[in-house]
Amino acid sequence: MEVISLKKVSKESKITLLKELGYDSDGIYVLKDGRQHIDEYVNEPVKLDNMIIVPGSALVLDDNPLSIATYFEKYGELL
Amino acid sequence: MSTREFIAGVTEGGLHYTQDQIISFAKRILNKDLAFIKDEETIYLVKESRKSEEWKIYQKYVKDERLKLLVLMGKTLRKLESNPEKLEFLRLKIISKYGTEGLHIAQFVQNGILIKYIGAIVGIKESEIDLSNIIHEILNDVDKFCMFIKTADKPKRKSEELLIRIKAIQPPTMILFSNRSAVKKANEIKSLVEKEIIEMDYMIESIIEEEKDTTFYIKK
Chain A
1 MEVISLKKVS KESKITLLKE LGYDSDGIYV LKDGRQHIDE YVNEPVKLDN MIIVPGSALV
61 LDDNPLSIAT YFEKYGELL
Chain B
1 MSTREFIAGV TEGGLHYTQD QIISFAKRIL NKDLAFIKDE ETIYLVKESR KSEEWKIYQK
61 YVKDERLKLL VLMGKTLRKL ESNPEKLEFL RLKIISKYGT EGLHIAQFVQ NGILIKYIGA
121 IVGIKESEID LSNIIHEILN DVDKFCMFIK TADKPKRKSE ELLIRIKAIQ PPTMILFSNR
181 SAVKKANEIK SLVEKEIIEM DYMIESIIEE EKDTTFYIKK
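If you read the sequences in order, they're chains A and B.
In this text, residue positions in the first sequence follow the numbering used here: the first is 1, and each later residue adds one.
In this text, residue positions in the second sequence follow the numbering used here: the first is 1, and each later residue adds one.
The hints are simulated quantities; they were obtained by calculation from the structure and are not laboratory data.
Hints should not be assumed to be uniformly reliable.
Below, in silico cross-link-like pairs of lysine-lysine (BS3-like), each with a Cα-Cα straight-line distance of 30 Å or less [unchecked claim]:
{"#": "1", "chain 1": "B", "residue 1": "Lys60", "chain 2": "B", "residue 2": "Lys47"}
{"#": "2", "chain 1": "B", "residue 1": "Lys150", "chain 2": "B", "residue 2": "Lys47"}
{"#": "3", "chain 1": "A", "residue 1": "Lys74", "chain 2": "B", "residue 2": "Lys63"}
{"#": "4", "chain 1": "B", "residue 1": "Lys68", "chain 2": "B", "residue 2": "Lys144"}
{"#": "5", "chain 1": "B", "residue 1": "Lys212", "chain 2": "B", "residue 2": "Lys79"}
{"#": "6", "chain 1": "A", "residue 1": "Lys74", "chain 2": "B", "residue 2": "Lys150"}
{"#": "7", "chain 1": "A", "residue 1": "Lys7", "chain 2": "B", "residue 2": "Lys86"}
{"#": "8", "chain 1": "A", "residue 1": "Lys19", "chain 2": "B", "residue 2": "Lys27"}
{"#": "9", "chain 1": "A", "residue 1": "Lys47", "chain 2": "B", "residue 2": "Lys79"}
With the sequences and hints as input, model every part of the structure.
Here it is, written out as structure tokens:
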């Protein structure tokens, strides 16, 4: 699987990508169905600046060790 | 053509992709062929924590999914000890999902108590299932089975508390943990309770390393 860093991706492109995946953003937070999208692995809203996008049912997660570890436990070390 | 060669242009705010490129990315994500990460650091940290021999031992005995994650986070917290900001960041994430109880479980592993405990009882308990059950029991109630001694603690009072707790719940194991300046207090507590604990049919094993004293009182 190819992995691309979001660090250098423009805010506009991040938001367009989110929209293509069924999400949105208010410029700070990732939105889902008009509300702040919650990373279920940490129970916290995901910020645009700290998101990762991974294959799987969750898709958009917060970049932190607990979310990534939970993702690995569920799907294997895909990244 | 690689993904990076797809890039249409770089604006001041970062790389800008065309609509067609983004549609292609979305398809690839859904096909499990592409992921976007923030940076390699967090992923590397988690992979390193999962790669160790210590993690393999935990996987053998810790079967509960929630506990497994908290154990892994304990190992990750340990790796972050030299970076207070990231350490605190992860502590807060653990609390957000699993509460302070979850954090205590992770800290139990961070402090090396779990791996020392497994080392202490692996030859005593007859089967892997026995060992696994006891480990689950302790992890699920760390605050009941483990006393963390602080520098400000009064040894006499703590020793009485320890004895009362052992008499009341007769745990398979009671653990006394201290580090740095609290080790001296723990030693005083250990001296005060030793005779009585032995009479209650517990064996004592102390592991002292890197300014940490971990003492196990294990029911024979």
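Structure-based check of each hint:
About 18 Å separates the Cα atoms of Lys60/B and Lys47/B, which keeps this hinted pair within 30 Å; it holds. Among the hinted pairs, Lys150/B with Lys47/B is inconsistent with the structure: their alpha-carbon atoms are about 33 Å apart, more than 30 Å. For the hint pairing Lys74/A with Lys63/B, the CA-to-CA distance comes to about 14 Å; that is within 30 Å, so the pair holds. A hinted pair counts as satisfied when its Cα atoms are at most 30 Å apart, and Lys68/B with Lys144/B qualifies at roughly 19 Å.
Proximity of Lys212/B to Lys79/B is assessed by CA-CA distance (about 17 Å); at most 30 Å being required, the pair is judged to hold. For the proposed pair Lys74/A and Lys150/B, the alpha carbon gap of about 38 Å is over 30 Å, so the pair is violated. A hinted pair counts as satisfied when its Cα atoms are at most 30 Å apart, and Lys7/A with Lys86/B qualifies at roughly 18 Å. The hinted pair formed by Lys19/A and Lys27/B meets the criterion: a straight-line CA distance of about 13 Å does not exceed 30 Å.
Our distance criterion of 30 Å between C-alpha atoms is met by Lys47/A and Lys79/B, whose separation comes to about 25 Å.
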